[in-house]
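**Q** Here the structure of chain A is known, so what remains is to put chain B in place on it, guided by the hints.
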Amino acid sequence: AQSVTQLDSQVPVFEEAPVELRCNYSSSVSVYLFWYVQYPNQGLQLLLKYLSGSTLVESINGFEAEFNKSQTSFHLRKPSVHISDTAEYFCAVSESHDYKLSFGAGTTVTVRA
Amino acid sequence: KAGVTQTPRYLIKTRGQQVTLSCSPISGHRSVSWYQQTPGQGLQFLFEYFSETQRNKGNFPGRFSGRQFSNSRSEMNVSTLELGDSALYLCASSPTGTSRETQYFGPGTRLLVL
Numbered sequence: 019a020q021s022v023t024q025l026d027s028q029v030p031v032f033e034e035a036p037v038e039l040r041c042n043y044s045s046s047v048s049v050y051l052f053w054y055v056q057y058p059n060q061g062l063q064l065l066l067k068y069l070s071g072s073t074l075v076e077s078i079n080g081f082e083a084e085f086n087k088s089q090t091s092f093h094l095r096k097p098s099v100h101i102s103d104t105a106e107y108f109c110a111v112s113e114s115h116d117y118k119l120s121f122g123a124g125t126t127v128t129v130r131a
Numbered sequence: 133k134a135g136v137t138q139t140p141r142y143l144i145k146t147r148g149q150q151v152t153l154s155c156s157p158i159s160g161h162r163s164v165s166w167y168q169q170t171p172g173q174g175l176q177f178l179f180e181y182f183s184e185t186q187r188n189k190g191n192f193p194g195r196f197s198g199r200q201f202s203n204s205r206s207e208m209n210v211s212t213l214e215l216g217d218s219a220l221y222l223c224a225s226s227p228t229g230t231s232r233e234t235q236y237f238g239p240g241t242r243l244l245v246l
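Residue numbers (my numbering), protein chains in the order written: chain A, 19 to 131; chain B, 133 to 246.
Simulated from the structure, these hints should not be mistaken for lab results.
Warning: the hint list may mix true and false statements.
What the hints assert, rightly or not - If you anchor each label on the Cβ, the simulated ranges turn out as follows: (1) A/E82 with B/Q149: 42 to 52 Å; (2) B/S154 with A/H100: 32 to 42 Å; (3) B/I144 with A/S72: 46 to 56 Å; (4) A/H100 with B/G135: 16 to 26 Å; (5) B/S159 with A/E76: 21 to 31 Å; (6) A/E76 with B/N209: 33 to 43 Å; (7) B/G172 with A/S44: 16 to 26 Å; (8) A/D26 with B/Q186: 28 to 38 Å; (9) A/E82 with B/I144: 38 to 48 Å; (10) A/L74 with B/Q149: 43 to 53 Å; (11) B/R205 with A/T73: 34 to 44 Å; (12) A/Q63 with B/N188: 32 to 42 Å; (13) A/F32 with B/N191: 18 to 28 Å; (14) A/E82 with B/L246: 43 to 53 Å.
As the list claims (entries may be wrong) - Okay, the calculated bits of chain B under chain A, using three or more residues with CB under 8 Å as the criterion: (15) 161-174; (16) 183-191; (17) 202-208; (18) 222-230.
Beta carbons are placed, not taken as given, at the ideal position from N, Cα and C, and that holds for glycine.
Chain A with its partners taken away, still in its complex shape:
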């Protein structure tokens, strides 16, 4: 069975500064990797996902994540954050034969002016 570890539970950051959210997973089979964001009192929205091909994936709002198979990681980065990026971010994994997502514990990002 797969598991997902998000190494930071809280990340405070100043506006326009870079941010990195770390995610490691363990699985014995091929996986697909996702980052979801949850704004207060809302459901989850997909930020980006890695299925295959280029290990660097990007979102439309400036986030990017890199799949590293040897380190079993899928870290999320943004070079310059905005106040509106304040939210909780979840890393998730699905295995190729499965019908569910396994989530990490989440990282709360608080952007301050």
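**A** The following block gives chain B in isolation, referenced to the frame of chain A:
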């Protein structure tokens, strides 16, 4: 297209009661999954339905059950509620539920058990 809708949005029950939550997937999506979100346990998978059949089930007691109708709408039921069942219950839909697909989440139903 309209997104995933969940009703009710908020619910207060007392211990021992039962509750039914409803989820309407995005039009054309046939897979519906349910997740429980709590501060202590995070997001945990409950079950997944496709074409009215449960294909996968998480590690929850039998008090948690679900079903899916022919129009892909889904309900989940929790019987004999316990204080620990207080949580945000999220429903997600996708076209066929395969592991490559993006799951689209509803806003959730927040259940408080007193």
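**Q** Hint by hint, note whether the structure agrees.
**A** So, going through the hints one by one against the coordinates:
no., hint, in the structure
1, A/E82 with B/Q149: 42 to 52 Å, "holds (47 Å)"
2, B/S154 with A/H100: 32 to 42 Å, "holds (35 Å)"
3, B/I144 with A/S72: 46 to 56 Å, "holds (48 Å)"
4, A/H100 with B/G135: 16 to 26 Å, "holds (24 Å)"
5, B/S159 with A/E76: 21 to 31 Å, "holds (29 Å)"
6, A/E76 with B/N209: 33 to 43 Å, "holds (41 Å)"
7, B/G172 with A/S44: 16 to 26 Å, "holds (22 Å)"
8, A/D26 with B/Q186: 28 to 38 Å, "holds (35 Å)"
9, A/E82 with B/I144: 38 to 48 Å, "holds (42 Å)"
10, A/L74 with B/Q149: 43 to 53 Å, "holds (50 Å)"
11, B/R205 with A/T73: 34 to 44 Å, "holds (38 Å)"
12, A/Q63 with B/N188: 32 to 42 Å, "violated (23 Å)"
13, A/F32 with B/N191: 18 to 28 Å, "violated (41 Å)"
14, A/E82 with B/L246: 43 to 53 Å, "holds (44 Å)"
15, 161-174, "holds (count 4)"
16, 183-191, "holds (count 3)"
17, 202-208, "violated (count 0)"
18, 222-230, "holds (count 4)"
The structure does not agree with the numbered hints 12, 13 and 17 stated previously, though it agrees with the rest.
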